[in-house]
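Undergrad: Sequence:
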Amino acid sequence: MSYPVPTRRRCRWPAVLALLMLGSLLALALGLYLGIEHLAELPVTVVVNGDEVTHGFELGSLSGAHKLVLVAGVLFALLVVALVVPLTLLLVVLVVGLVLALALGLPLLVAALLLGVAASPLLLPGLLLWWALRTPRRAATPPSATIRA
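For what it's worth, the numbering used here labels the leading residue of the sequence shown as 1, then goes sequentially.
Accuracy of the hints is not assured; some may be wrong.
To be verified - Computed Cβ-Cβ distance ranges for the label pairs, DEER-style:
1) P136 to L113: 46 to 56 Å
2) V80 to V48: 16 to 26 Å
3) L87 to A118: 39 to 49 Å
4) V85 to L108: 48 to 58 Å
5) G50 to C11: 24 to 34 Å
6) L102 to L28: 34 to 44 Å
7) T7 to V110: 34 to 44 Å
If you are wondering where the hints come from, they were derived from the structure by calculation, not from laboratory data.
Because the structure is a prediction, the values reported are computed rather than measured.
Every residue gets a Cβ at the ideal spot worked out from N, C-alpha and C, and that includes glycine.
Using the sequences plus the hints, can you model the full thing?
TA: This is the structure we're talking about:
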């Protein structure tokens, strides 16, 4: 008799999350593109160190491909910021935790070692006294000695 082989159920959450992320990126890109379209008539002036680099530049003068490249650049910058900021915060927390562990734990470890060295003359007599006062263990009898024939 042949039994059906159970098939492993595939988890759909990674695919759902990937589709949601892709949809949110497309919505953000569309929002950025529409925002550039609405700001097309406003003049943009860029000043670097007191010198005007562009005077009266309008976003409406960009072609469609240039607008798409601008949107892609902004999306890439947002993704980099979304990745770099949490990783930087995690690194800061790890470094602060390590510094605190070393700053507080290392002196406690040194104090414990110094206490052990200071108490070492009392350790040998204490160990001998413990061995003398403890109740002796019974010798373990092998299982074959308790079997009756």
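Undergrad: Confirm or reject each hint.
TA: Quick rundown of the hints versus the structure:
no. : hint                     : in the structure
1   : P136 to L113: 46 to 56 Å : violated (34 Å)
2   : V80 to V48: 16 to 26 Å   : holds (23 Å)
3   : L87 to A118: 39 to 49 Å  : holds (46 Å)
4   : V85 to L108: 48 to 58 Å  : violated (34 Å)
5   : G50 to C11: 24 to 34 Å   : violated (58 Å)
6   : L102 to L28: 34 to 44 Å  : holds (43 Å)
7   : T7 to V110: 34 to 44 Å   : violated (60 Å)
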